[in-house]
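Enquirer: The residues making up each chain are set out below.
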Amino acid sequence: MMGLLNILKKLRSNPDKELRLLLLGLDNAGKTTILKQLASEDVAHVTPTAGFNIKSVLSNGFKLNVWDIGGQRKIRPYWRNYFENTDILIYVVDCSDHQRLEETSLELAELLQDDKLRGVPLLVYANKQDLATALPASEVATLLGLHLIRDRTWQIQACVATDGTGVKEGMEWVCKNIPIKK
Amino acid sequence: MVFFNLWSVFQWYLRPFIKWFLRKTTRLCELQRICYGDKIGAQRSCNIEKSLMLSRTRDVQEVVAFLDAVVKERRFIPTLFSEILDPTVNIIIRVKKINKKLHDSFSPLFRQCLIQIWSYRQLVDEVEELRCTHFDSNDPIHEKKLLRLWGLLMPDRPLEARITKDWQDIGFQGDDPKTDFRGMGLLGLENLLYFATEYRQASNHVLSHSLHPKYGYTFAIVGINLTSMAYYLLKDGSAKTYMFNLKQHLPSINLFHKFYCYLFYEFDKMWIESKPENMMEFSIIFKKFENAVRTELADPASVFRINIEVDTI
Chain D
1 MMGLLNILKK
11 LRSNPDKELR
21 LLLLGLDNAG
31 KTTILKQLAS
41 EDVAHVTPTA
51 GFNIKSVLSN
61 GFKLNVWDIG
71 GQRKIRPYWR
81 NYFENTDILI
91 YVVDCSDHQR
101 LEETSLELAE
111 LLQDDKLRGV
121 PLLVYANKQD
131 LATALPASEV
141 ATLLGLHLIR
151 DRTWQIQACV
161 ATDGTGVKEG
171 MEWVCKNIPI
181 KK
Chain X
1 MVFFNLWSVF
11 QWYLRPFIKW
21 FLRKTTRLCE
31 LQRICYGDKI
41 GAQRSCNIEK
51 SLMLSRTRDV
61 QEVVAFLDAV
71 VKERRFIPTL
81 FSEILDPTVN
91 IIIRVKKINK
101 KLHDSFSPLF
111 RQCLIQIWSY
121 RQLVDEVEEL
131 RCTHFDSNDP
141 IHEKKLLRLW
151 GLLMPDRPLE
161 ARITKDWQDI
171 GFQGDDPKTD
181 FRGMGLLGLE
191 NLLYFATEYR
201 QASNHVLSHS
211 LHPKYGYTFA
221 IVGINLTSMA
231 YYLLKDGSAK
241 TYMFNLKQHL
251 PSINLFHKFY
261 CYLFYEFDKM
271 WIESKPENMM
281 EFSIIFKKFE
291 NAVRTELADP
301 ASVFRINIEV
311 DTI
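Protein sequence lines correspond, in order, to chains D and X.
Note that this note's numbering gives residue 165 to position 165 of the first sequence, counting from 1, and the numbers run on in steps of one.
Note that this note's numbering gives residue 286 to position 286 of the second sequence, counting from 1, and the numbers run on in steps of one.
Just so you know, the hints here were simulated from the structure itself, not pulled from any lab data.
Just so it is clear, the structure is predicted and the values come from calculations on it, not from any experiment.
Using N, Cα and C, we set each Cβ at its ideal position, and we do this for glycine too.
Careful, some of the hints might be misleading.
Here are some of the chain D residues that sit facing chain X, going by a computed Cβ distance under 10 Å [as the list claims (entries may be wrong)]:
id, residue
1, Leu26
2, Thr47
3, Gly51
4, Ile69
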């Protein structure tokens, strides 16, 4: 996983560029596990996030600030407080949680309507693909209505956060779609 | 890095000379000097452990390996202590050429240290096993425990259904607590249960704080995060200060639960005193709390008062 963030420095070498990545999604989607994968940390001991986690990863002058905000209903109203200056929105979906696909779809739709996130590129991680009951990424994309998005670039990436499968590919897309700041 | 390298060089080459010199001048081996000189509890037991682990004497290394093997089989229990420890202590006395008659106080002191050190190691294994056991909703024992937790925390309100948003009232994230145990497994549930069972008043007091309209927080989720803190403090050895300084108790799973209850009670106090704006301040206050606990544990003389008392008004 060490190489994961090195991709960033290869693709762009803007010395003091700081990036703000916002990780959102319902509780138990796998946000913290993805965050830990990005920071090459152990993912075996993840606990539910009360509040938020932030990790900054330095990579050859590139500073990546990843904000992982808890997904439980009680703290979703606070998501808004973290929207400002977001460079990339990463939305994580538990593809095996069929019952809450509608809920997650509604939450995402709400995010995409927010002014502060206008035009911000969206990466959706279709997580937990290792589980037999997981829907494939393409179906999740349809359910989330991603094809209807017109005002931003987006990508859906199938992944297994617990072993890192697909996480790297998602980040490669992120690197290619870093918006140029005014 | 340089300092660290110098230190290991020192450990490897100079330690034997210093030990030899002290042995000649004091006529005591290092283990004796620790047993007689260091304060009983964390200071003494930790130094004995360090000394044993650094030893290059074959017999000592074998003793350590033997005791570790006993722990792996979970056989390090009080009824077997004399069977396990009597020969062990005798080997050390022979290897270190300690005059038994002249130093009859050494054996019991040293033995007590061994008991603490390897009880702790066995506890680490037990806790790890509980942590690795995932909460399984198909297991009736797990389910029963979960429902018992509700009954203890909300005695006047029967649970409407197994899957219900009521769980959020005791601070789980959603309708079904099972996913919230995650990386802490059954350990998180056992910790919460112990707190609710053994410290009824205190846990109710803390739960009522968590329901405060302004300073409320998610009781169970915070609890699981505290399980994680207690787990790491145990694993990296920081919790030795707490466990070795208690005269009446040996490191055991119940003592781990007590340690957790202490952390929960103290965290709650700090949270309320901090007057947080909202739940999003959790990470900051939690970190601050962890640092405070670590500072306290770093002092081998620290004794944690475990008797949680609630003012009843």
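Enquirer: Would you settle whether the hint for Leu26 (chain D) is holds or violated, based on the nearest Cβ-Cβ distance to chain X being less than 10 Å?
Expert: Result: holds, 8 Å to nearest chain X Cβ.
Enquirer: Would you settle whether the hint for Gly51 (chain D) is holds or violated, based on the nearest Cβ-Cβ distance to chain X being less than 10 Å?
Expert: holds, 3 Å
Enquirer: Regarding the hint that Ile69 (chain D) lies at the interface with chain X, is the smallest CB-CB distance below 10 Å?
Expert: With a minimum Cβ separation of about 8 Å from chain X (threshold 10 Å), the hint on Ile69 (chain D) holds.
Enquirer: Interface hint check: Thr47 (chain D), Cβ to nearest Cβ on chain X, cutoff 10 Å. Holds or violated?
Expert: holds, 5 Å
When each numbered hint is compared with the structure, no violation occurs for any of them.
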